[in-house]
Each structure stands twice: as C-alpha cells, then as structure tokens.
Amino acid sequence: MQLSGYLIVSALLFTIGAVGVLVRRNPLVMFMSIELMLNAVNLSFMAFARFLNSVDGWMFVFLVLTVAASEVVVGLAIIVAIFRSRQRINVDDLNALKG
Amino acid sequence: MTVGNPIAFYVLAVTAVAAALGVVLFRNAVYCMLSLIVNLLMLAFFFLMLNAIFVATIQVLIYAGAVMVLFLFVVTMLAPGSAESERDRLRWQWGPAAGLAVILAGGLIVASVNGALAGDAHAAGVDRLATEITSAGGNTQAFGEALFHGYSFPFELTSALLVIAVLGAVVLGRRISGRE
Chain F
1 MQLSGYLIVS
11 ALLFTIGAVG
21 VLVRRNPLVM
31 FMSIELMLNA
41 VNLSFMAFAR
51 FLNSVDGWMF
61 VFLVLTVAAS
71 EVVVGLAIIV
81 AIFRSRQRIN
91 VDDLNALKG
Chain R
1 MTVGNPIAFY
11 VLAVTAVAAA
21 LGVVLFRNAV
31 YCMLSLIVNL
41 LMLAFFFLML
51 NAIFVATIQV
61 LIYAGAVMVL
71 FLFVVTMLAP
81 GSAESERDRL
91 RWQWGPAAGL
101 AVILAGGLIV
111 ASVNGALAGD
121 AHAAGVDRLA
131 TEITSAGGNT
141 QAFGEALFHG
151 YSFPFELTSA
161 LLVIAVLGAV
171 VLGRRISGRE
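Chains as they are written, first to last, in our numbering: chain F, 1 to 99; chain R, 1 to 180.
If you're looking for bench data, these hints aren't it; they were derived computationally from the structure.
We put the beta carbon where it would ideally sit given N, CA and C, even for glycine.
One or more hints might be untrue.
[Said to hold, decoys possible] Distance windows between CB atoms, simulated:
| no. | chain 1 | residue 1 | chain 2 | residue 2 | range |
| --- | --- | --- | --- | --- | --- |
| 1 | R | V11 | F | N90 | 33 to 39 Å |
| 2 | R | T57 | F | V67 | 47 to 53 Å |
| 3 | F | S85 | R | G144 | 43 to 49 Å |
| 4 | R | R27 | F | V64 | 27 to 33 Å |
| 5 | R | L100 | F | L94 | 18 to 24 Å |
Based on the provided sequences and hints, a complete structural model is requested.
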C-alpha cells in the first residue's frame, strides 16, 4: 500500500474524532474521541517513519502514548470529581468554574 | 514503494473507520468504549504492517490494555445514569459538524498527501528501514537505541510527567474531609 493510503485512513480517523468532540455531550465519549484523534496522529507518524526509513517516528508515538495515558488519568479523575459533586455528567451543565 | 498486503490494508482500514464511527454514534458509553478498543487493536495491526513490532506490542499492552481498563472502570461506574441523560439539547450541531468534518477531512487529505514530507517519502524510494532494524539487532533494540541516544531527555521528562499525573489524580480523587 502506498503512503497516501495510510495518510487518508489517518485523516479520516482524526476527522471522526473531531466530530465526536463536537457533537457528543457525554464527557467520557468526548474523551474517547480525543483518544481517537491521538491515535490517528500516531498512525501517520508510524507511516512516515516507515516510508522515510527512520525510527524517529516511533519515538514520537511512544511520547504521545505516555501523554495520552497521563491525560486519561487526570481527565478521568476530574470527571469522577464532577460526578461526585453533581451526580450527573453532561458538559452542557458545566458552565461555571466554581463548583 | 508499497508496504503491506493491499487486501489486509483495506480490511484493517474499513474496520478501523467503522469502529471509529461506532465511538461517535453509539448511544451507550460502554459500546463506545468497546468499539474504541477495536479501533486501537486495528491500529496495532497497522503498526505491525509497518514493521514496528515493539510499538504494536506496547499499543496493545498499554493502550488497548491498561488505559482502556481504566476507562472501562470509570464508564461502568458512571455510565448507567449518564447513558439516558444525554438529551440532545443542541441537535442542530450535527449539521454544521458534518460540514466542518468534510472540510477538515478534505484539507487534511490534500495537505498530507501533497505535503513536503510525503514528497520526501516518495523520493526516499528504497526500503532501508528493515536492514537498519536488522543491523541494530532487532526491533526492540532499534527502538531502545533510538530512545536512549537521540531522545533521552524527552524520555526523562516523561517520567516527571507521569509522576505529576499520578499526584494530580490522587489530589483530585481525595475526599475533602472537612466538607462532607
């Protein structure tokens, strides 16, 4: 498969993730869409690493993986804290910084 | 140059995109979660196809394994109430979002397929990565050598990032005793 095939799949996955963030109102699903976008970018890093004959793309994927893991940890902790104080989670309700 | 069996590529691509659509379209957060896991596994297969065995392994172990288990815990803890409560107050957002998606996808595809890096990749031509990996002594060795030679400072920063994330999660998850 040519490089462009991988890049097109990556672009489609990124777009689907962006749409997910725009249209869903459940913060957990919005988080999953962000993971989708991160993974789409990982796919194009890997494709470029393969086609440019360099392992530098792998390093970026590794760092993105780490950042995504810590982002999930902190984000889920925030969501659980919101759920504890309001009993429900919907981003439309979260329009005040003070809780 | 071409990489990977085209039939395998198309099967993986269709499954990955279908699973991604599932994440956005399922009403129940647990189903969204499960189709996200399918998507991550498909990406791991893509990585295998691109000769990155070690990265595919950590994708399965860390992403599809550890991170998704954490996610599933929180989803099952919070989702029973939230699956029904997602009323579409802003139903009209679907239209503009679809329009923006078409624009974004078109722009990304045009930019990445015609970009300078893609041109470099086409010019690079011959397949040297496999011989490079073999000369390093294997896939994991090539990864480790690149990580600890060229990227050792970002790697150390990663450890600081993980410590900060864990501390943040502990602080956020603590019950504040005076207020309850």
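S85 of chain F paired with G144 of chain R, Cβ distance criterion 43 to 49 Å: 45 Å, holds
C-beta pair V11 of chain R, N90 of chain F: status relative to the range 33 to 39 Å that was hinted: Roughly 37 Å apart at Cβ, these two residues keep to the hinted range, so it holds.
For the range 18 to 24 Å, tell me whether the beta carbons of L100 of chain R and L94 of chain F fit it or not. At 23 Å between Cβs, range holds.
CB of R27 of chain R to CB of V64 of chain F, is that within 27 to 33 Å? 29 Å, holds
Does the Cβ-Cβ separation between T57 of chain R and V67 of chain F fall within 47 to 53 Å? 19 Å, violated
Violated hint for the displayed structure: number 2, the only one.
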